[in-house]
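Letter by letter, the chains look like this.
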Amino acid sequence: MFDQLLQFLITGITVGSTYALVGLGFAIIYNASDVVNFAQGEFVMVGAMSAVWYLGVGLPLPVVLVFSVLTTVVVGLALYKLAIEHARGASVVTTIIITIGAAIFLRGAALLVWGKDIYALPHFSSETPIRIGAATMLPQNIWVMVVTALVVYLVRHFFDKTLMGKAILGCACNRTAAHLVGINVPLMLLTSYGIAALLGAVAGLLIAPIAFTSYDAGIMLGLKGFSAAILGGMGSSMGAVAGGVLLGVLESLGAGYISSGYKDAMAFMIILLVLFFKPSGLFGRKSAERV
Amino acid sequence: MSSRRNFLKYSSAVLLGASMATSAMAADPIKIGSFLAVTGPASFLGDPELKTLQMYVDEINAKGGVIGRQLELIHYDSGANPQKAVGFVKRLIQRDGVDLIVGGSASGETMAVVPEVEQAGVPFISLAGALAIVEPVKKWVFKTPHTDRMALGKVYGDMKKRGISKVALISGDGGFDKSCRGQAQGLAAPYGMQIVGDESYGAKDTDMTTQLTKLRATDAQAIMNCGFGTGPAIVTKNVRQLGIDLPLYQSHGVASKKYIELAGDAANGVRLPAAALLVADKLPDNDPQKPVLVSYQRKYEAAHGAVSTFGGHAYDGLMIAVQAIERAGSTDKEKVRAEIEKTRGFIGTGGVFTMNANDHLGLTLDAFKMLEIKNGDWTLAE
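Same order as they appear, the protein sequences are chains E and A.
Per the working numbering, the first sequence starts with residue -17, numbered consecutively.
Per the working numbering, the second sequence starts with residue 349, numbered consecutively.
If you are wondering where the hints come from, they were derived from the structure by calculation, not from laboratory data.
By construction, the Cβ of each residue, glycine as well, lies at the ideal position given by its N, Cα and C atoms.
It is possible that some hints are incorrect.
[To be verified] Straight-line distance between alpha carbons at most 30 Å, and here's what the computed DSSO-like set of lysine-lysine pairs gives:
| no. | chain 1 | residue 1 | chain 2 | residue 2 |
| --- | --- | --- | --- | --- |
| 1 | A | 690 | A | 379 |
| 2 | E | 98 | A | 683 |
| 3 | A | 526 | A | 514 |
| 4 | A | 606 | E | 98 |
| 5 | A | 432 | E | 98 |
| 6 | A | 486 | A | 508 |
| 7 | A | 379 | A | 683 |
| 8 | A | 690 | A | 438 |
| 9 | A | 486 | A | 514 |
| 10 | A | 690 | A | 647 |
| 11 | E | 98 | A | 605 |
| 12 | E | 98 | A | 508 |
| 13 | A | 379 | A | 432 |
| 14 | E | 98 | A | 681 |
| 15 | E | 98 | A | 526 |
| 16 | A | 438 | A | 681 |
[To be verified] Simulated restraints on C-beta separations:
| no. | chain 1 | residue 1 | chain 2 | residue 2 | range |
| --- | --- | --- | --- | --- | --- |
| 17 | A | 508 | E | 259 | 32 to 42 Å |
| 18 | E | 128 | A | 542 | 34 to 44 Å |
| 19 | A | 713 | E | 99 | 23 to 33 Å |
| 20 | A | 652 | E | 250 | 40 to 50 Å |
[Unchecked claim] Far from chain A, some chain E residues (derived; all Cβ distances over 10 Å):
| no. | residue |
| --- | --- |
| 21 | 65 |
| 22 | 77 |
| 23 | 166 |
| 24 | 259 |
Isolated chain A (complex conformation) (with noise of 0.2 Å):
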């Protein structure tokens, strides 16, 4: 027993020793701190961005970290659920003692954890959608993804181009549906847009013929879809079926090769906005995005497989951050919160970032692009 007792604290006084030897042969780990929703309904969200943020902070530490210190990547798997988020940001900023936080997969949990970092004062860099996050502007929260306004704006511009004034709506039951469809309403009139038809259907549902049979039956140029999962591609299926020949526009939820895989030959012709990432090897050379998004794609695939925009954020997240403390020089929190919101024309993949105090997101409509399915795959429309 008491052989055994002092081999225990040997042991330990050696490991003691080590950690100590190294944490003198190098300065404190940069402690960046994330919450994502690796698992649960928006996995798809969270699990391509923990990749990428735990492959980018590999990568970075393998070549000497930043200000000459590593990073270290602390983070919790929230399952999309505003309560745990809360939980675990409280315990990243309390017991963790993190320089900056950048996660947050979904819109709800990042305004649940709003009002947390903004009392701590950490650095938050948001990966989730919502228009809210950084609208009206709160001091230490940024976000990366692009909003709904954005991308309605871009469909009603790629609408106008086309000589379209009269548009149908339809879309699903969800938040991220309902969110959309309000954008759709609200910026309808500054676009000189007229909704003539508003249908709806469930997520689950398996046939949307009625709601496109009373669209087809208004004097509708187009039709726009806000949805993602299954409800879009029946949708897509059902306009052909239909032998409606209006041009058919989705939002930036079916911006995945599911969803042409679903709708197959139906979703020729399909115009969609979404980020640059999902055409990267088709963007002109002159891009300025395109080795950035080259280089994030291949690096990806070689270690996970396919891309999708969500990992995208986590990338751009994760720089614009590094760069931050790289300019203010040391990890001090206002220090860093005042370099990220100087961000100027730092190039992610989710387009040119310029923030300002008023402009926590600075991204431009350009980063955008308007999409056309053709013969299965994506292709530039402009």
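With the rest of the complex left out, here is chain E (with noise of 0.2 Å):
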């Protein structure tokens, strides 16, 4: 019985530790603009489809890696500099409808350079079971939720301790004041999607060699990092994180306890429950902090 519960639970640290990175970009870029971007997933998708395709040329995997997470990062920047900048002024919903045309636009385009074949990332280290009692869980699984947990404590320093992380989180509270006493606004907005797109291209890494990757393998990765950063609290980054993990066991303890074939709608019933009687999410301050 035990054994079984410890089971559920590696397995829903391991799949809630991906959705905890997704969210985290939803909520960076919506911490800085307001914007909820949904090619958060494709940027996911982005970094192991290039990972599949340096390794096809024949690079390494460490040069692999450091590789894609870079072409996503170009991506998101790009993403900023040619569709989000251009829309300066536009209102908030603009700007969301703007990250969905580039979604469909992303995996567009992965469909037409990588074709729709499924493909496999290698295991960063052994591919052997390590045994905990009776339950089981490999290497991959560990490197999922240690880096999570290390990118997750440098984003958090990034925005406590540095001078930029303060600037961008001072974009968020008012614009215009940030303007005036100096912030360069564009150049702090430019920064949170890089950061972003980097956050979703490790998340995409980090998962590929259990759960392949295809084209559009970022839409569901995308769906569940969203409702992470919903059940959290879009504002509040730890928020997305703790939401993530959380969203990810319940999916596992649900299946489990409950029934697989309900698993999904359990979760998307969890997150409605929140917004009902919490609609700040559950790590989210009140709204009318927020100005």
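Put the complex together from the two separate chains, hints included.
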């Protein structure tokens, strides 16, 4: 009985970690600009698919990981420069629609460039399962959890301790005031797209050895990451992380103890309940506090 | 201006004359209509099907055609959309005036056009899987691919031989997966199988260890997975990861090299029912299907790359049609239909077809081979 629970938790935390990374990407752009970037899931896909491509060219895995993260960051920056920046002054809703369009464009471009095949990345280390009691986990599960924790810590440090991080948060609070005190607002927004793309790419690289990747792999992960951010509270970065892990664990426990047939439905129902009783999300500040 | 008009008049007269001359030299072509999912989500079905049809129509024409007439392939891309398919079939019948139709990559589009072909009375050989296409029997409708009922029959038969009577089911949430699961449940009792677990996963899920942990807690003697795409490969990896040493069965939905590539070492020992085309070169030399399979495989691979069983279904459909026209000696629709129904012992890529008035598919369980994956390649399990 306990072994089963342990297995469900391992699964939930691994899957939840990827939701958390995607959710964190959502939260960062939302924090900087009030925009929900629906191309976040596509960053995950671009990270994994470009890695597959670099591997196919014959580069060693460590180089591949670096290159694919850089590629995704370039895509993220290009998304801001080519699409978002031109719509400066447009309403938040318009900008969100632009990101939806960008998501569809990226998916289509990936289909053209890489085709509709499914690909796998090699595991970072061995594929021999590790036994913990009667439960098992792959070394890749540990990679997912540890790297997620590390990235989350770094992001938190960036926003709490560095000048640039604080400047980005400043843009979120009041763009005009930020501008007046000498913060380069467009640069801060550009940076937040870059970081979000980086997070997406890391999530894609971590999960692709376990779950494979294809041109349309971003849709579901984007949706789950968005749910994680909503669950945790859109304005709170750490809330999005907690929301992601929680969502993964709830899904796993739900599938394990109730029914696997309603796994996704249950996750979304929980989100609806949270929104109904606590609209700002579990860890979100009250909306009145947001300026 | 007037000189240009004269030129047009002259050239069109020449063209008209030329076309009349060719039609005088040969009789009217036999028009074979087709609608296939060449693009869209089901393009992995329609793409090899169209390539196969074009390749063999060209080959038959080069050899002088059928009953002294050339074949003409008229095809439309339905994208597996039933509404589009109905439109294209109407066009094929009314405007293009086709003699028969070979096509319909997906079951949904096939079922949608059945009323059209039945009403118009045009022989129709479908390339889709669902059992409902030919059961109950419809006068003008035939099909060449195996059904999932046959696949599950083959799986349960193999399990019985290994002394397995308790099976745990896991399936995806797509149309194919659900239909396969339905057959697995429906056939359990007739084969003396007991289903002791029944789990599902989403087509885009990234981890199925939770569901498999539940199945591990049952007293199942084997696991059967219904699905295609990434799901079955993840299930295969997760089974090994959890250290479950029960025999793992997959459906014919994973019968492609891609599955072995994705699942890697974890795929070794997995069993699945599949058309003999996948193991053409491993069949014993006395197998009657071997020459047909090897010839199709060589021809297709020389032109287009790795074969899939789906292209094979199109080969079977076209050849059954051509042989029926030859036996009928004309393209009279009723005669051709009757001759298709009289197909006896036709050796195709899907198996040996013997149809009759009550069976418009004509394949038996022998058409499926039970395969086992060993060292990253298909082997015959029997």
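Looking at the structure, which of the earlier hints fail to hold? 2, 6, 9, 12, 14, 17
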